[in-house]
Amino acid sequence: MKTEILKVVNLTKRFGGLTANSQVNLTAGEGEILGLLGPNGAGKTTLFNCIAGYYRADEGSVTFRGEDITSQSPEDICRSGIARTFQLVKVFNGMTVLENVMCGAFLRSYRVRKARSKAQEVIDFLELSDKVHIPAENLTLPDKKRLELARALALDPRLIMLDEVMAGLTTAEIGKAVETLSRICDMGITLVVVEHVMEAIMPIAHKVVVLDNGEKIAEGTPDVISSDPRVIKAYLGEKYVAARRQNQS
Amino acid sequence: MVFLRYKHYFIGALVVFFLVFPVIFQKSFAQHMMILIFMYALLAMAWNILGGYTGQVSLGHSVFFGIGAYTSTVLFMWYGISPWIGMIAGIIAAVAVSLVVGYPCFRLKGHYFAIATICVGEIVHLIFLNWQAVGGAIGLFLPIVDDSFVNFQFKSKVPYYYIIFGLLLLSVATTVWIERSRLGFYLRGVKEDQDAARSIGIRATRYKMIAMALSAAFTAMAGTFYAQYILFIDPGSVLFMMLSIQMCLMAVLGGTGTVWGPLIGAFILIPLSEFSRASLGGAGQGLDLMVYGGLIMVMSAYKPSGLISLFQKKE
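In the order they appear, the protein sequences are chains A and B. With positions in the first sequence counted from 1, the corresponding number in our numbering is that position plus 3. With positions in the second sequence counted from 1, the corresponding number in our numbering is that position plus 977.
If we strip away everything but chain B, and leave its shape as in the complex, we get (with noise of 0.2 Å):
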């Protein structure tokens, strides 16, 4: 195929597109909408190193998106630390928590690891609703400052759009650097089989460990961007069950396992997410999720291996 065979230069000829995007399209709502989409792909690209290399699915992946929007959050509005640290102090406390909560969790396999999950998520939920301390149901809003890198805070959208597509490259040469590398080869090992993959020495529990918490991590990172972009916080926002579901379904419908997948499903379904809101979302709550079932029926149905199996070469 065309696309194929230039590729190389095709996904040059897209960055540079993204580069100066923000210059050609001044709209405010275009800006928001690249924003999201690249906030949503770099959640689907984190799922994807659990869920899709190493074939965990995880429903509970919302928990490390709050602990990254509430660790840099707190830090900010109590110590008033700038959120490029709490974002890195969030990105340790998800590891750290994924790691805990991970080594349980993997003991279990299928379905059952998914369950699991989801019960972590809805605690943590729960715990934030109740907690106090850290705003409870009404959640925090973030003060505003001045306009500094520092603070991570701008009037504009344009910095955001950097710093979002920063971060996504990041997650998409991590996830390239994940293929290439033994990891990528022991995570796909364990996914496809456990007991053959502990036959050649894969340590298969600490490899799911380790997907786990990498992709805690970019998850966690999120999390810091959106408190930041938005500056206001709610566990019904962060850490929300059909968050962990979106970030699931994005990498399944552009296809799992593979680092254009997910990005291709956050493309697809945030605008499909966003237009249906705006133009259906008055005709009665959920009418964009129905859109958005109906896909996912339709792609389950005919194209299982997502949608980059379109691109992709039969042996």
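If we strip away everything but chain A, and leave its shape as in the complex, we get (with noise of 0.2 Å):
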């Protein structure tokens, strides 16, 4: 296994009587796509915004880089290096594409013009330079989706986490960014991708997590995870299970 870039510890998370992450442990190596895979409610955006900051942990911890980020701010877990998506896409909708991007730029540098031009490179590379500057609220979807993807990617960080970009996305869309995960992968940056559309994210994945009911049911590699009898249950049902054996014999 590679090294450890992220590492979650028996993380849980309660809101109020609802516990939505009990004891979950993962790790991400550097350089890897982990998959956090669940179906609805599993508590995976949950899961994602306790590592990103957004909500305080109730117990356990998560490290970054070998640093404790456990409770840090957005900001500063954001600073670290850990970039984020969110599930319902947050672009700055009164803005260019271009000024979306360079606002992920000036993290690195003040400079406008050195801003500028990192924008313009990632820009490019999520192939987005034919719409530099129109306004974002004048997107589709996916290229809204691209577009807050460019936007992390020109922070520099060295882990982005994705909260369901393959959502809405036809069948066509969803081949052309798994594509783009894999070309940012090649360069070096880890990726945990949430998602509930499993056939998105497996043939990509280096490792899968899978959650139900807040807790982790399986973890390891994606052919592993397809044919795990809990997970199978956890998306398909107990019918489907029973079936599956009786055909099986």
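Simulated from the structure, these hints should not be mistaken for lab results. A hint or two may mislead.
Claimed, not checked - For lysine to any residue, the following SDA-like pairs were computed, each having C-alpha atoms within a straight-line distance of at most 20 Å:
id, chain 1, residue 1, chain 2, residue 2
1, B, Lys1280, A, Glu140
2, A, Lys93, B, Gly1116
3, A, Lys93, B, Gly1087
4, A, Lys147, B, Asp1170
5, B, Lys1134, B, Pro1120
6, A, Lys147, B, Gln1171
7, A, Lys10, A, Lys210
8, A, Lys93, B, Arg1180
9, A, Lys10, A, Gly223
10, B, Lys1134, B, Ser1005
11, A, Lys117, B, Leu1160
12, B, Lys1280, B, Gly1270
13, B, Lys1132, B, Ala1150
14, B, Lys1086, A, Asn96
15, A, Lys147, B, Asp1172
16, B, Lys1086, A, Ser76
17, A, Lys134, A, Arg114
18, B, Lys1280, A, Pro138
19, A, Lys117, B, Arg1254
20, B, Lys1086, A, Val200
21, A, Lys117, B, Glu1156
22, B, Lys1280, A, Asn96
23, A, Lys210, A, Ala221
24, B, Lys1086, A, Glu78
25, A, Lys93, B, Asp1170
26, A, Lys117, A, Ser132
27, A, Lys93, B, Gln1171
28, A, Lys117, B, Ser1158
29, B, Lys1086, A, Gly97
30, A, Lys117, B, Arg1159
31, A, Lys210, A, Arg186
32, B, Lys1004, B, Gln1171
33, A, Lys236, A, Arg186
34, B, Lys1086, A, Tyr58
35, A, Lys117, B, Arg1157
36, A, Lys93, B, Ile1207
37, A, Lys93, B, Pro1120
38, A, Lys236, A, Met205
39, B, Lys1280, A, Gly97
Got two chains here, separate frames each, mind docking them using the hints?
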């Protein structure tokens, strides 16, 4: 296994009486794509927000590159090298594509000219070049998601957490998004990808963690995961598992 | 549009026009009107830094205006300190208050922030109404002293004209600088979406405080100028809630979050209010305000992004 970059230990998050995450452990290796799967309501986004500092974990710790980042503010976590996108796209609607990405690039350079050239570079990389001066509000959903990713990339992060980037995309668009993700991974950036569309993430993930009802129910390579009975049960229900067992015998 | 193509010449011509204005128009009313327009434009520019670029609608900005006016006046009356130094002291005091008030208020978002600023404005108004040492409800009459730059008192309106014009240019230059720098990008980011801004490392609260401090500084500057120009201040004139609302109205009417919007707003609303007060004022208190209100309603229905949008290119 590659060197560990992100480590979550025994993380628990409760909302009143509801336990959204219970004793979750996970690690991501440097340069890896880690898939975080689970049906709706499994606690993926909660876990994600705990790591990114938007929620304060009740128990447990998050370590990033050997540094404890538990319950730091989102701003500080971003500065330490974790970028994120949002499940419901949050681009700066009143700004152009270039200005959006420049806002990200300003984290590492105070100078406007430098930020602009950095932003331009990222925009070219993500194939948004023909839309540089279009206000973000006029973009289509896939382009907005791409823009959000560009803004995150402009931060020069070591790790990017993506919250359901594929949701709402067509099959063709998913294919393109998957290809983009593997190109980002090739740059040496670790990716934590939250997804409930299994097919999207299985081909590129190095490792997959599956959550159900706030608990980790499986972890392993995509092949192992997709035949794990607990995972199938969580996704497809008891009956499907029983039927499958009957068919096999 | 023609306006856009020749923008630089147009602005240059305007500046030259305003520089020679007092020479051409020697009537005291014309000069007084321009001084008022410039002063309110300065206030609208100041409000725009926080309300326009950062999206934090404050309806308590009269506090900073009052602090600017009272600080320089009190320092001059009690210790004979030049109002110019008083202006700097007023700016420092206003910035300090803005930070103390801003920190708790910025925990509130949207409407709640606006309501909190109204409360702060009213509290400060009441404090000054009852603070006998600084004149209470009666206010302070500035002693008339010799005409001089150091004393910031002139018999003619012309020096006032150039001083306020200079201060206004300073605020325009600052706004242009903000707009082009990282600060401007960050402020707009906070305005658009605070969560997203934080996710890219923008310390939202800190940037809101910076915007508030800059905004307070320019507002206090205008406050000192007002005190020196009118030579009388009381809570009803410098800590009046309508003043806060007017600052907001001018910026909104002209177009928030732009350099030129607040200027356009001031150039329309102030003459409108002065002329309607002069011609309709006798017909009953507040008729000028009704004209005002009607205009705002028409604007929000047909041009919600302000008059500036008439001049902007559509993408």
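Between the alpha carbons of lysine 1134 of chain B and serine 1005 of chain B, is the straight-line distance 20 Å or under? At roughly 7 Å apart (the allowed maximum being 20 Å), serine 1005 of chain B and lysine 1134 of chain B satisfy the hint.
Verify the proposed pairing of lysine 117 of chain A with arginine 1157 of chain B, using a straight-line Cα cut of 20 Å. holds, 13 Å
Would you mind confirming whether the straight-line C-alpha gap from lysine 117 of chain A to serine 132 of chain A stays at or under 20 Å? The given pair, whose Cα atoms are some 18 Å apart, holds under the 20 Å limit.
20 Å limit on alpha-carbon distance, applied to hinted pair lysine 117 of chain A and glutamate 1156 of chain B: Holds - the C-alpha atoms of glutamate 1156 of chain B and lysine 117 of chain A are around 16 Å apart, at most 20 Å.
Between the alpha carbons of lysine 1280 of chain B and glutamate 140 of chain A, is the straight-line distance 20 Å or under? Since the Cα atoms of lysine 1280 of chain B and glutamate 140 of chain A sit roughly 19 Å apart, the hinted pair holds (cutoff 20 Å).
Given the hint that lysine 134 of chain A pairs with arginine 114 of chain A, does the C-alpha gap stay at or below 20 Å? violated, 23 Å
For lysine 117 of chain A and arginine 1159 of chain B, compute the direct alpha-carbon distance and say whether it is at most 20 Å. holds, 11 Å
Restraint check for lysine 1086 of chain B with tyrosine 58 of chain A, where alpha carbons must lie at most 20 Å apart: holds, 18 Å
Given the hinted pair lysine 147 of chain A and glutamine 1171 of chain B, is their Cα-Cα distance within 20 Å? holds, 17 Å
Please work out if lysine 1134 of chain B and proline 1120 of chain B have their alpha carbons no farther apart than 20 Å. holds, 18 Å
Hint check: lysine 117 of chain A vs arginine 1254 of chain B, CA-CA at most 20 Å. Holds or violated? violated, 52 Å
Mind checking the alpha carbons of lysine 93 of chain A and glutamine 1171 of chain B for me, to see if they're no more than 20 Å apart? Roughly 10 Å between the alpha carbons, so the hint for lysine 93 of chain A and glutamine 1171 of chain B holds.
In summary, the numbered hints that this structure violates are 2, 13, 17, 19, 20, 32, 33, 36, 37.
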